[in-house]
Amino acid sequence: DTAVSQTPKYLVTQMGNDKSIKCEQNLGHDTMYWYKQDSKKFLKIMFSYNNKELIINETVPNRFSPKSPDKAHLNLHINSLELGDSAVYFCASSQDVGSRNTIYFGEGSWLTVV
Amino acid sequence: DQQVKQNSPSLSVQEGRISILNCDYTNSMFDYFLWYKKYPAEGPTFLISISSIKDKNEDGRFTVFLNKSAKHLSLHIVPSQPGDSAVYFCAASDGGGFKTIFGAGTRLFVKA
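Going line by line, the protein sequences match chains A and B. Under my numbering, the first sequence has 68 at position 68, and the numbering climbs by one with no breaks. Here my numbering = 1-based position in the second sequence + 1000.
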């Protein structure tokens, strides 16, 4: 049973489109994240939510909007997709806030913008 | 400006030998360090961590060494096995913050 699951796994879409990636965790964790792995392979945090409240919002274009309907879900919506948005997006969760908590990652969603 | 650097994109080691993966950091406020392992088409998984109050932490075949004065840590895998072939991410955080900063990863190939 997958602990952190995200869909879709692969997504190819045209510039200008709007797309969403869904994420769910069944670990009972309070904190969820979105990370982006770009062409340089760094894993960079984009957002973090704790109990549905936004606690980290990095310098991400406002075309990216996370939504947490409950603490088990954190979806990522991207408006007006650009070529530079092509990357692997990882959803993750941890027991609580605080950077000493082990982070559990989903399998990633490969987004390609053409 | 990357605060966690893994300068070797890849490393190739013979099965049974030691693998040493290196990581450097720039932020002196970091006090907790982690290694994650990632197989293709999977998400990273936690491997081992170390607090800045220690200089060594061991878990089976995996040992992490921390040199605070040099702002350097390393992961040793002994003996290396083909199943260890993966990308290894170094990560660091400051205890009071919410963010864990990751490096770009080192791809380890263990040859049988």
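Don't read these hints as lab results, they were simulated from the structure. Among the clues, some could well be false.
Below, simulated DSS-like cross-link-like pairs (lysine-lysine); rule was C-alpha separation at most 30 Å, straight line [to be verified]:
(1) A:Lys44 to B:Lys1005
(2) B:Lys1056 to B:Lys1111
(3) B:Lys1068 to A:Lys9
(4) B:Lys1056 to A:Lys22
(5) B:Lys1056 to A:Lys44
(6) A:Lys19 to B:Lys1111
(7) B:Lys1056 to A:Lys67
(8) A:Lys41 to B:Lys1037
(9) B:Lys1071 to A:Lys44
(10) B:Lys1054 to A:Lys41
(11) A:Lys36 to B:Lys1071
(12) A:Lys22 to B:Lys1099
(13) B:Lys1071 to A:Lys41
(14) B:Lys1099 to A:Lys40
(15) A:Lys41 to B:Lys1099
(16) B:Lys1056 to A:Lys52
(17) A:Lys9 to B:Lys1037
(18) A:Lys40 to B:Lys1071
(19) B:Lys1111 to A:Lys67
(20) A:Lys52 to B:Lys1071
(21) A:Lys71 to B:Lys1068
(22) B:Lys1068 to A:Lys40
Under 7 Å between C-beta atoms, here's a sample of chain A residues computed to sit facing chain B [stated by the list, open to error]:
(23) Leu54
(24) Ile56
(25) Gly106
Glycine residues also receive a C-beta, built at the ideal position from the N, C-alpha and C atoms.
Tell me, in ascending order, the numbers of any earlier hints that this structure violates.
3, 4, 6, 7, 16, 19, 20, 21 and 23
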